[in-house]
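Listed in order, the protein sequences are those of chains A and B. All the letters of the first sequence, read from the start, carry residue numbers 67 to 363 under the working numbering. All the letters of the second sequence, read from the start, carry residue numbers 88 to 422 under the working numbering.
One or more hints might be untrue.
[To be verified] Lysine-lysine pairs mimicking DSSO-like chemistry, simulated, CA-CA at most 30 Å apart: (1) A/K244 / B/K268; (2) A/K175 / B/K297; (3) A/K74 / B/K314; (4) B/K148 / B/K137.
The set of hints was computed from the structure by calculation and includes no laboratory data. Bear in mind that the values here come from a model prediction, so they are computed numbers and not experimental data.
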Amino acid sequence: MANKQHTKAKTMQSLFFCIATASVGILFMIMIFLFMEGIPLFKIVSPNDFLLGKYWYPTSDPPDFGIFPLILASLYVTLLSSVIAIPLGVMTAIYLAELASPRVAEIVKPVVELLAALPSVVIGFFGMVIVAPFLQKTFGLATGLNLFNAALMLAFMSIPTICSLSEDAVYSVPTGLKEGSLALGATHWETIIRVILPASVSGISTAVILGMSRAIGETMVVLMVAGGAAMIPGSLFDPVRPLPASIAAEMAEAPFRGDHYYALFATGIVLFLFTLLFNIVADFISHKYRQVGEASL
Amino acid sequence: MMDGDKMEITKNGFPDDRSETGEKDPNQTGIKVMKTECADSETEIQKAVKKLQSRRRFTQKFLFGLFRCAALVNGLALLIIVFFMLKNGISAITWEFLTDVPRESMTKGGILPCIVGTVLMSLGGILVAMPIGVASAVHLNEYARPGKMLRIIRLGINNLAGVPSVVFGLFGLAFFVTFLKMGVSLAAGALTLGALTLPVIIGSTEEALKSVPNTYREASLGLGASKWQTIYRVVLPAAMPGILTGGILGLSRAAGETAPIMFTAAVFFTPDLPSSVFSEIMALPYHIYVLATAGTNIEATRPLQYGTSLVLISLVLGMNLVAIIWRSRLRRKLK
């Protein structure tokens, strides 16, 4: 009887272990299938021309498969959106962890969560019908669908990520450090900037990187709001075509397993590697500089 | 006299944090007493200290105001978006809009197929993701020992959570639609969404399992139950409300996603409700995208676009609110 139970317990344990590896399995499958459908492109275009080629005309004859403008567009949009999102996200996090009374925090936290829950297509739609005409009128632009608009919308998609992860980081700073600083005569603000922020900097950097990773991979917003021109942008208000937008917009028209189809999968590989890199760096930082107590400062 | 002087300096030099929290400032009275006692002995040092102190206090007030503004901006962003969708969308919401199929190349009629499609597909996705996600979380929280394997699994989950939604779409297209020959179908979309929501479910289940006090486990093990019996009979039931909350959050995430279903499940237009798991479907998010960017008459269908958006955000935010309120009740109970 006891033996039977023991066997059962062992079986369950290995079963759970197998299921837990499913996530790793799915991640591998994603990689395998992306590469399977993307690699054939490199029979006709060299990886170098693909990554650094300045022209993306997949449907002309002969087609040009250079995703450099798309990569640049993705990077610009992501950087600009983080310029907006990092201060707002981190400041909100500090407000929540340090300043807000528990009752206020109980209202603000769900608000941030709801902001995170807004479907990307709705934010894209909002940017298209409300923000774009507004930008066009105020700044007298040719089109309101441009780099700046996309970055603004993306910022509000990455703020919740940055905010909630930074808040955890700030919250987990040992109280002893804070009390020590206050007891030495520092003001609350001085304690925040000189003690709490340095102590939580690894957590906050992780949050920032993950927020940027969310922004670079976000599709619907850039598809609807960025304007869609596959050129190297010259100003903040130029229309651009980031990587995910290109994939989403063209996949429906690309002939199945034609060169264009392969090119879009290859674009997917580039995007996937970007986010993978961001995530691995974030993971590395959070492990390497993890705050394990007052002693490790 | 000397003692008094010293005291005043230290008191004045000591930053006053309590005024922030609204407590009465004890320094105030101290200063008054000092002033009457030794008004003539105010030295340059004291003046400088006072000046510095007021500047520090001002910096703090100013910056904390800025922090409050930052928090406010988030709330405003949410409010503005919801407000515009409500204002422009509410007039489109009629009984017909919710229960009719799209007519006249989607310029009139309703969005019933989209609602049905979205509900079925996200439920399907969650049905796939829940068992796998909960089991993974049980392994991570109950069985796993720190080590290389655990590190790899965690890295896998974190990276899966970071995969862009459009890449999930490509994966679904290459694997479910093409390789498994499911075609563009409800099943392919549901499975893709399942893979996408898996990290959400794992995360929230783990949190739920962590909130089960260890004494529960120890009591059960102490009574002679095996580890599996403890998990099955004690830990999981105790964590169930938290796990279900995570399920709701996952469901709302799946319902709002567009990019993963563009190539795997959703089509431009199909008047029929899905008849099997292999039929093509319409979905709310994709419908918004199609109407707003590629419809037959983009300007004329604006009310329909707002209406569809309103339905989608009510669905998604509604589910989130339920989850948030439920969770905060749970937390209070556990305290």
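Does the structure keep A/K244 and B/K268 at a Cα separation of 30 Å or less?
Violated: A/K244 and B/K268 sit about 59 Å apart, past 30 Å.
For the pair supplied as a hint, A/K74 and B/K314, confirm whether the alpha-carbon distance does not exceed 30 Å.
Between A/K74 and B/K314 the Cα gap is close to 10 Å, so the pair holds against 30 Å.
Are the Cα positions of A/K175 and B/K297 separated by 30 Å at most?
holds (21 Å)
For the pair supplied as a hint, B/K148 and B/K137, is the alpha-carbon distance within the 30 Å limit?
Answer holds: B/K148 to B/K137 is near 16 Å, not above 30 Å.
Checked against the numbered hints given earlier, the structure breaks only hint 1 and satisfies all the rest.
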